[in-house]
Amino acid sequence: MFTGIVEELGAVVASEDLGTDARLTIRGPLVTSTAAHGDSIAVNGVCLTVTTLDAEAGTFGADVMPETLRLTQLGALRPGDPVNLERAALVGGRLDGHIVQGHVDGVGRLLSRTPGERWDDLVVEAPADVLRYVVHKGSITVSGVSLTVTYVDDETFGVSLIPTTLAATTLGALAPGDAINLEVDVVAKYVERLLGARA
1 MFTGIVEELG
11 AVVASEDLGT
21 DARLTIRGPL
31 VTSTAAHGDS
41 IAVNGVCLTV
51 TTLDAEAGTF
61 GADVMPETLR
71 LTQLGALRPG
81 DPVNLERAAL
91 VGGRLDGHIV
101 QGHVDGVGRL
111 LSRTPGERWD
121 DLVVEAPADV
131 LRYVVHKGSI
141 TVSGVSLTVT
151 YVDDETFGVS
161 LIPTTLAATT
171 LGALAPGDAI
181 NLEVDVVAKY
191 VERLLGARA
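Okay, so the sequence shown: first residue is 1 according to UniProt numbering, each after it adds one.
Keep in mind that the hints were calculated from the coordinates and are not lab data.
Even for Gly, the Cβ is constructed at its ideal location relative to N, Cα and C.
Treat each hint with caution, since some may be false.
Listed next, with one range per pair, are the computed distances between beta-carbon atoms [unchecked claim]:
id: 1; residue 1: P29; residue 2: W119; range: 23 to 31 Å
id: 2; residue 1: D81; residue 2: R198; range: 40 to 48 Å
id: 3; residue 1: E56; residue 2: V135; range: 39 to 47 Å
id: 4; residue 1: T49; residue 2: R78; range: 20 to 28 Å
Whenever a hint applies, use it, and build me the whole structure from the sequences.
This is the structure we're talking about:
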């Protein structure tokens, strides 16, 4: 479980294509400082399991399964690419973002960004099966970052990025056309399932 509050801007060290799956090596000195084999670290919003660890180099390795490659943009990552990193939330700590599972629902695309005085407004195109769960003023995770939805229509939604988010995450450098991982609030999916079963 995560909060969508990015702890560190890391970088891809290596990306190994294994045919149906892949293996990533990620540099993140902060998140690896307390990591152990088997721990969960969110990479651009995707929950990955630490399979190798080099604390001295500040790197960790993770296997990426076919389902993850199909539903996320992790397969497009190359050495040098920046990534948003977050360790799993500690029970008893503050929940500064919202409940994030690290189970990406789909890939969206940045349509446009409009700079403000100290912020940027982003318009994101998202698949219909993701948008059905997006609500105005609700929470959504964009490449691992917990954000508040500023508007939603039949094909897009909007978010605004504060200076900290622009400076400390990959969202600050996104360009129109870039792919982004999207995870909706899991509560919406549970409500739909329960109401569907009742009907």
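Q: Give me the numbers of the hints this structure contradicts, sorted from smallest to largest.
A: Failing hints: none at all.
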